[in-house]
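**Q** Here are the chains, one letter per residue:
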Amino acid sequence: MLLFVEQCLNGLQVGLLLFLLAAGLTLVFGIMDLVNLAHGSLYMLGAYFAATFTAFTGSFLAGVALALGATLITGMAVEVIAMRRLYGRDHLDHVLGTFGLILFFNEIVRLVWGPEGRNLPLPAWLSKSIEILPGFPYSMYRLSIIVVSLAVALALYLVVMRTRFGMLVRAGASNREMVGALGVNIRLLYTFLFGVGAALAGLAGMMQAAILTAQIGMGENILILAFVVIIIGGIGSIRGAFIAALFVGFVDTVGRTFLPELLKLTLSPTAASTAAPALSSMLIYLLMAVVLVVRPSGLFPAAGR
Amino acid sequence: MRALANPRNLVVAAILIFLALVPVYAQARANPYLLSLFTRIIILAMAAVSLNLIMGFGGMVSFGHAAYIGLGGYAVGILAQEGITAGLVQWPVAIVTSALLAVVIGAFSLRTRGVYFIMITLAFAQMIYYVGVGLERYGGDDGLSIDRRSQFGGLFNLSNRTVFYYVCFGLLLASVYLVWRLVNSRFGLVIQGARSNDRRMRAIGFPTYRYRLVCFVIAGTICGLAGVLLANHTDFISPATMHWTRSGDLIVMAVLGGMGTVLGPVLGALALLLLEEALSGLTEYWQVILGPLLLAVVLFARGGIDGMLASLNRA
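Protein sequences appear in the order of chains A and B. Count the first sequence with the numbering used here and you get residues 1 to 305, in order. Count the second sequence with the numbering used here and you get residues 1001 to 1315, in order.
Keep in mind that the hints were calculated from the coordinates and are not lab data. Glycine included, every Cβ here is placed at the ideal spot set by N, Cα and C. Be aware that a few hints might be false.
Said to hold, decoys possible - Residues on chain A that point at chain B, a partial pick, calculated with CB under 7 Å: (1) F104; (2) A278; (3) A289; (4) L292.
Stated by the list, open to error - One-sided and incomplete, this derived list gives chain B residues near chain A with beta-carbon spacing under 8 Å: (5) T1112; (6) Q1126; (7) L1155; (8) L1158; (9) L1171; (10) W1244; (11) I1251; (12) V1255; (13) P1292; (14) L1294; (15) V1298.
Please take these sequences and the hints and turn them into a complete structure.
**A** See the structure below:
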C-alpha cells in the first residue's frame, strides 16, 4: 500500500514535470501553429545552464534563477533567428527545420560542455527526506518539484486567463492580423511567448537534471512524451495538457512498477520479466493510439480549432 | 527528344550512371569503404523513395517509417539466429510482416489527419522500437549480429560486395520504377487527388481511405525490403535502427531531395549521406554545420534539390 502511495506521488511528479515541458509546446503549437521538435533541446540547455551557473555561483537557487533567464533569452533568440520564419509554413517544414536545430544544439552542447554529462548537486536542505505521513518518508526534492510545478501551472493559468498579456496571446491565436491591426506588436508578443515556453522547458530540464544528470540527447526522449501529452490533451489546450500530463505520468510510473506483478499472474515468471519492461514502455503510446482512434483531435480540443 | 535532354534529366542520368559505375571505381582504387558507403546510400535511398510515395504524393507524413526498416532487419536477424538463412524464406517473411504491420498501423493512423497523423505513426514506431528493446532472446537493446547473409544458393552470393551492391541498386531502380508507374496510374491520381482535397474525392465516389491504406502498405513493404538489405549490409540489427531520429533522417532525405518527384529522395539520400561524410571528415562537430544547413534548405530552397534542378530547365 505504501509502495502504491509512493508510486502515485512519483507519477504525479513525473506528470507535472511533463506538464512544464508540454505547456510551452502546446502554447507554441496551438497559438503559432508551429511543430517545435527543438523544444527538447531547450529542456537540455536548461539543465546544462543550471549545472554551470550553480557551480559558478555556489548557490542552487541563484544558479536556477540565472539558468531560467538564460533559457528565456536563448528561446527568444531562437525565435527571432529561426522560428519566426517558419510560421505559416507547412508542418513538414517545421519538422525538418527544427530537426536541424536539434542536431545543432546537441553538437553545440558537446562542443561547449564536452561529451560527458554534468551533475547538478542538490543543496543539503533539498536532499533529505521528510515524513509526509507517519512512517512514510518521501524525498524532499521530489516533493518540492511537485509544489513548484503546481505553482507554475497555477500561475500560467492565471496569466493566460486573467491578464492583459494572456488576453492578447489568446486573441493572437484566433486572429493574428486583427490583433496586429489593433496596434499590438504581435511579433514581439510571440517572441516573448516562445521565450516563456523555452524557460518552462528549461525549468523542467533542470529539475530533472538534479535527479538524473544533464546529458546530451536527454531532451529527445522526453520530447516525444511531451508530444504524446499534448496530442492526448488536444493541441493548444493548457487544461488538456495538464490533465493528459498527469495521466501519462501516472500510467507510465505506476505501469512500470505494477505491470510486472500483474503479468506474473497470467504468464510464467520468466516470460513476465522479459515482456514487462517492453510492455510498460509501450503503454503510453498504446494509450495515445487508443485516444486518437476514439477521439481524433485529442481529449480536450481547444475551442476554435 | 529535345524535351528529354534538359539540364535536370542530364544531371539525374549522370548520377544514375555514376551509381552504376561505383563498384568499378572502388575496385580500381581498391577502396572497399567507398563501396560500403554507397551501398548504404542506395539502401537508404530506397527507404526514402518509399516514404516519398506516401508523403510526397499522398500527403501522409509518416514519422515512423524507420519501423519497417527495423522489422525487415529483424526478420532476417531472427530467422538467421534460428538457423534459417535461406533468402527465399527470409525475404518473403520480411516482406509479408512489413505489409501486415503497415496494414495495422495504416488502418488506425489513416483515421487521423495532419499533425495527429504524424504523431500517431510516431507512436506506433515507438511501440515497435520498444518491442525490439524487449527482445532479450535476440539481443534486446544491444542488437543482434547476423553471422550469415541471406543465402540464395547458386543464384548469387550476397557476401560478395559487388554482387550485393548491384542487387541493392537493382532493387532501388525497381522501387523507383514501381513508384513512378504507381503515381502515373489511375491509382496514383486518386492518391494525389485525395492529398489535395479528400472530401471532394470522396464526393465523386472514390473510397479514399482504402486507396490511401493500399498506398501506405505498398510504401511500408518497400521500406521493409530496404530493411532486409540494410541488415544484410551491416550484418547487424538493433533497435537503434528504428529510433525516431532514423525516421527523421528519412524525412530529411525525401524533403532535401525534393518531395513529390520520384527520383528526388535518391538525390536527397545521396546529398545527405555524402554531406555527413564530407563534414565529418572536416570536423568532429559536423552536426553544428549540418543542422543549420537543413534549416536553410527549409527556409530558402523550397522543392529541394530536384526543385533547384527543375528551375535550371526554365532558365
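**Q** Now tell me, hint by hint, if it's right for this structure.
**A** Against the structure, the hints:
no.	hint	result
1	F104	3 Å, holds
2	A278	2 Å, holds
3	A289	5 Å, holds
4	L292	5 Å, holds
5	T1112	5 Å, holds
6	Q1126	5 Å, holds
7	L1155	37 Å, violated
8	L1158	31 Å, violated
9	L1171	27 Å, violated
10	W1244	6 Å, holds
11	I1251	6 Å, holds
12	V1255	5 Å, holds
13	P1292	6 Å, holds
14	L1294	3 Å, holds
15	V1298	4 Å, holds
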